[in-house]
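J.: Sequence:
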Amino acid sequence: MGWWILSRLLSRVRRVAAMDDACSWKSQRYFSRRAPRKKQVEDDLFDNSVKKEPRKLSEFNLYMKKMLPVMKQQHPELSHREVFKMCAQSWKHASENPKNRR
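Numbered by mature numbering (1 follows the signal peptide of the UniProt record, and there is no 0), the letters in the sequence shown go through residues -18 to -1, 1 to 84 in order.
No lab work stands behind these hints, which were simulated from the structure alone.
Once the Cα atoms are required to be at most 30 Å apart in a straight line, the calculated DSS-like pairs of lysine-lysine come out as: (1) 38 / 48; (2) 81 / 47; (3) 81 / 48; (4) 81 / 67; (5) 33 / 47; (6) 67 / 47; (7) 48 / 34; (8) 38 / 81; (9) 38 / 54; (10) 48 / 67; (11) 54 / 74; (12) 54 / 67; (13) 67 / 38; (14) 47 / 74; (15) 47 / 34.
All chains, please: the whole structure from these sequences, using the hints.
T.: Dropping the structure here:
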């Protein structure tokens, strides 16, 4: 006999033994239960009915939101990435930066 035949036979024996043990109501409940659906588990974990207030934007984010359109208008030939870098560099010396308020 091959090992795979033995493993199949053993799994069948286990199933039959499990059915014999299923006399008690606890084991019947255990074997008849299905795993909960993924969506149901996610709904239980994350209650989406409560809407959170969005976080307050940081001073850097407010500065970038204000300066990106201005810089893009001044330098239309540059890519978004380059304009973003320029704005980030100007943030280092900006008066809105809390580190420069000393």
